[in-house]
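Visitor: Each chain is listed here by its residues.
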Amino acid sequence: MTQESNPFRRSFVPFRGRFDPCPPLGKRTFVTPPNLFIGFQPPDFPQFSPIEALKKGTLWKPFYDFYESPYKK
Amino acid sequence: MWAYEKKLMYPVKVSTCNPTLAKYLMEQYGGADGELAAALRYLNQRYTIPDKVIGLLTDIGTEEFAHLEMIATMIYKLTKDATPQQLRDAGLAEHYVSHDSALFYNNAAGVPFTATYIQAKGDPIADLYEDIAAEEKARATYQWIIDQSDDPDLNDGLRFLREREIIHSQRFREAVQMITDDQNQQKIF
Chain E
13 MTQESNPFRR SFVPFRGRFD PCPPLGKRTF VTPPNLFIGF QPPDFPQFSP
63 IEALKKGTLW KPFYDFYESP YKK
Chain P
-6 MWAYEKKLMY PVKVSTCNPT LAKYLMEQYG GADGELAAAL RYLNQRYTIP
44 DKVIGLLTDI GTEEFAHLEM IATMIYKLTK DATPQQLRDA GLAEHYVSHD
94 SALFYNNAAG VPFTATYIQA KGDPIADLYE DIAAEEKARA TYQWIIDQSD
144 DPDLNDGLRF LREREIIHSQ RFREAVQMIT DDQNQQKIF
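These protein sequence lines map, in sequence, to chains E and P.
Using the numbering used here, the letters of the first sequence map in sequence onto residues 13 to 85.
Using the numbering used here, the letters of the second sequence map in sequence onto residues -6 to 182.
Hint data in this document are derived by calculation from the structure and do not stem from the laboratory.
Ideal Cβ positions, reconstructed from N, Cα and C, are used throughout, including at glycine.
Label pairs and their computed distance ranges (CB to CB):
(1) P:P77 x E:F60: 41 to 47 Å
(2) E:P35 x P:L36: 46 to 52 Å
(3) P:D140 x E:I50: 23 to 29 Å
(4) P:V90 x E:V25: 44 to 50 Å
(5) E:P33 x P:Q78: 30 to 36 Å
(6) P:P145 x E:V25: 26 to 32 Å
(7) E:Q53 x P:Q78: 47 to 53 Å
(8) P:A(-4) x E:P33: 52 to 58 Å
(9) E:F60 x P:Q78: 41 to 47 Å
(10) P:Y40 x E:F24: 41 to 47 Å
(11) E:I50 x P:D149: 24 to 30 Å
(12) E:L66 x P:D116: 35 to 41 Å
(13) P:D143 x E:P33: 26 to 32 Å
(14) E:Y83 x P:A(-4): 38 to 44 Å
Pairs of lysine-lysine residues, derived as BS3-like cross-links and limited to a Cα-Cα distance of at most 30 Å, are as follows:
(15) P:K114 x P:K45
(16) P:K45 x P:K130
(17) E:K73 x E:K84
(18) E:K84 x P:K130
(19) E:K68 x P:K130
(20) E:K85 x P:K6
(21) P:K6 x E:K68
(22) E:K39 x P:K130
(23) P:K45 x E:K68
(24) P:K(-1) x P:K70
A short, non-exhaustive set of chain P residues, derived as facing chain E with CB atoms under 10 Å:
(25) Q141
(26) N148
(27) S162
(28) Q170
Full structure from sequences and hints, please.
Guide: Structure (structure tokens):
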């Protein structure tokens, strides 16, 4: 998943002054991880298979968030 | 008491000889928001927290040591075959003259670990909020290390650790809810 379509990313464009010395980086992205939105984990939460869960670091699908650098081309 | 399993929580693989990454990883080893700080913080707070969440702090604090061991393995693999010249090129000459290629609880800038990185206020809400903040800071630190690293195998391990921080934050948030909820209220699932 690209950073653009990841629902757990937000972005903002910082103020640009007339005499800023460096070329602009443009949009700044930050992470709003799934734990911010779910509250107390409800019963019957969707799960990964055990093998997949061991790889991903969580058993619970809604808590999984793959990270890729927003600067990566 | 602890039982030790002689294996890593997640396999550590490093594909490039890049000691500079070891320097960055030290932030998670002996840094303010690193795994050592996390483990010591949680295991110490257990004694003065409501009974309901002691087990959570034990579990997460123990897991942090498993993470620490993974970070140590990554740093070791990245530095064990490095010559003094390579370490100097990686910005680790100061580390070398003090420790050779031994691991030490420094942060990425070489500042040694201090107990002032952690807190135990004795107030359950204050302590759990600190724990949530610590998890989010550790998650962010993993992101910044991944941003700096171009080693796909190393990043794989770092992504696993980052996901664990998300889960830990979730569980601490649930712990806050558990001790905040009115205890006389009936809850039916």
